[in-house]
Amino acid sequence: MRPLKTLRKLKDEESHIVITEKGSPPRVIFYGEDLWTENLPVGTRVIHARPPLEGLPNVRAAIRYAINHPEEMEPLHALLEPGMKVTIAVDDISLPLPPMRTPDVRQQVLEIVLELLADSGVDDVHIVIANALHRRMTEAEMKRMVGQKIFDAFYPDRFYNHDAEDPDGIVELERTSENEVVAINRRAAESDLLIYVNINLVPMDGGHKSVGTGLANYESLRAHHNPKTIRETDSYMEPSRSKLHQSTERIGRVIDKHLKVFHIETVLNNKMFDGQMDFLMKREEDFTEFDRLKLQAMQYALKRMPRAAKRKLFHSVPAAYDVIGVFAGATEPTHRKTLELSWKQYSVPVNGQSDIVIFGMTHISPYNVNSILNPLLLQVNGLGYYFNMNRGVPVVKKGGVIILCHPAYDEFDPEHHPSYIEFFNRLLPETRDAMVLEHKYEREFARNPSYVHLYRKGNAYHGAHPFYMWYWGENGRQHVSKVIVAGSENNHVPELMGWERADTLSEAIDMARGFMGRNASISYVHIPPILITDVKVGSKEEPDQPALPPSAGTGASATPPAVRAGPAK
Amino acid sequence: MTSKAAFYDVDGTLVRTNIVHAYAYYAMNRGSITGIALRTLSTVAGIPAFKLLDLTNRKVFNEFFYRYYAGLSEDRLLTLAEDLFEDVLKSAIYKEAHDLIAEARRAGCRIVLVSGALDFTIQPLARHLGADDVIANKMQFVGGLATGKVIPPIIEGANKANVIRDYCVRERLSLDQCFAYSDSFSDYAMLAIVGRPTAVNPDMRLRSVARAYNWPVLDLR
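Chains as they are written, first to last, in my numbering: chain A, 1033 to 1601; chain B, 296 to 516.
Don't read these hints as lab results, they were simulated from the structure. For clarity, every value in this text was computed on a predicted model and none was experimentally measured. Incorrect hints may appear among the rest.
Selected chain A positions facing chain B (Cβ under 8 Å, derived; list incomplete) [unchecked claim]:
#1 E1454
#2 N1480
#3 P1481
#4 V1484
Cβ coordinates follow ideal geometry from the N, Cα and C atoms, glycine included.
Throw the hints in and build the complete structure from the sequences for me.
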């Protein structure tokens, strides 16, 4: 008999934690470009995102208010003088995910800021996309981001992608106290004022990371994008506990010392889906009959479409994000406000860790917008992002098992990810040790003139980028004993990654239980929409998840959604 | 000291012209009206044959084509080569070719042009691009006049791979650290012998091979 407190929690409509019982509805799980509906074992803890916070009723007014009432800086208009040189840096296409509906919040900020600059007699204005070593955005993507009017006025001479490999386009400032190279975009460095327009989707973004990373070059990024720093970082999402952020802060402070930087940070809610896909924002307990019908229709259609078409379809559906906050001013006080609001949206309190954690892997990551989620990106999504969506304590116990639901197809986009292909096919068969990879091969890839050229003139990620993807997954790899890919359509991708495979989720759970014990606790982190777990361990409070009797549950089974609906509202 | 090199095919890879353009320039600057007329007419008449041979066998094409040079004087060809570069080749260099070469130099590569064109045609271009070495065909001259024969080995197809290998042995370079760039499937051997091949403005066959072998594909056009 479970205690009253636990039983109450099971019935709590506001709770983001649901413990599955006999008769619970099957869970929707992303499986690449498809959706699974699976009955999870009884006692599985399902962790849902918070509902989206209410969007600002008047975003333009909020932007104006923020730039007129900035944090620890003079209002933007007071910083402007006729004839001065201003650079506006904006986040690239990796934010938000998926791209938001137009008008993009960057467009809204730019429209107001550019008008203010023009009114103040500031004509020497460039807009630089802070893409660091990410791929250049295409003309169409740039137009979509800022709108036709700004695009026509500024592209291509005054609106362009940052080029980290332009030998004349980078300036090295003084080094940090830890001897880290601080090198940034020359135009930005030589401007009288740098305005950074950021989108904060998760707490990892923004702050000193904006300029110090987005406008940097390879030598500067090496200071923190390395396996040692990653291993010493408790969570990417908790800047105060992140060695990575400590490094970017040191770099950012040097930049702030040399440049006048005015940050405009915007915070989005987590409303990824609305309209016909709004059911994906709900707990399965709250599905209506119509929601189940829509889910079934979607699954039916996706099952019959070629993968490329499914990909195209998903990439063409923008997210319905709302702007929930706009803050401006000096780097640190502005970012403190941003983080506060960001936690309010994304942080989900969770009591205790689990032995086994299930992640449904979507088709998208920050690095494959309008492209393919290749095996390295699957790795970085699973072990880099999803695993790290916490405030210092992962949901999965040390030595536990992670189950990733994804076909793990061996597909790469040669235009966006040419260096990834060589990394995957040439380096991973030799070693998976991040330290060895960094020491032996990173510089070779970074300096490969073909990759450098494809980064500078094409739309390819930099030659060093696949290494960063591998390092990003380092904490997950070091933390868990086993990763199982449920539904992997081949053997070699999991094998090269050092993972195991299973045909179905049910088989993967059985394998994980065989390793962790029959009464191992299981959590399913229901992403998307995005959430960040705030796991409390060792507290006197009772864990969310009751201890499972050895006989509890029989593993998962794929069940048509309309057949096994459970007690829906 | 550099231990690697970047080998570049020239025609179609770094410049949009080919050896027929060069010869046409020499033919049209023959020095006498009859000479110009005769050589121009015979070149124009030979175009279908050139096209066919180029598509079927680059080696036979080169041997066949270079016969047209017979009787041209060496000093005139050397002078015209400089003019050819200024008038034709310089403006035909792909804009991004300079960047590509600069990127290889920054990566510590020695820059080597490998071309089926004649060496005196390539030299001014090599100087302009800052190449360290040129591997190109050498015309045989007797008594100051071209014989129309090329001194073996003819630099084309599989022979490009041989000369690159010999160059690396001679210069103590590591083949698997070297880069090669070409636009044509006829240079498959040259691309395959180095550790870092790249297809540049590739023809259909090379594009498909590059995709199959996961070689990077660049477009300088």
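For each hint, the structure was consulted:
This hint holds: E1454 of chain A has a C-beta 7 Å from the nearest C-beta of chain B, less than the 8 Å allowed. Evaluation of the N1480 of chain A hint against chain B yields a held restraint, the C-beta minimum of about 7 Å falling below 8 Å. The restraint placing P1481 of chain A at the interface with chain B holds, with a minimum CB-CB distance near 4 Å, inside the 8 Å limit. For V1484 of chain A, the interface hint holds, the least distance from its beta-carbon to any beta-carbon of chain B being 5 Å, beneath 8 Å.
Hint check: no violations occur; every hint is consistent with the structure.
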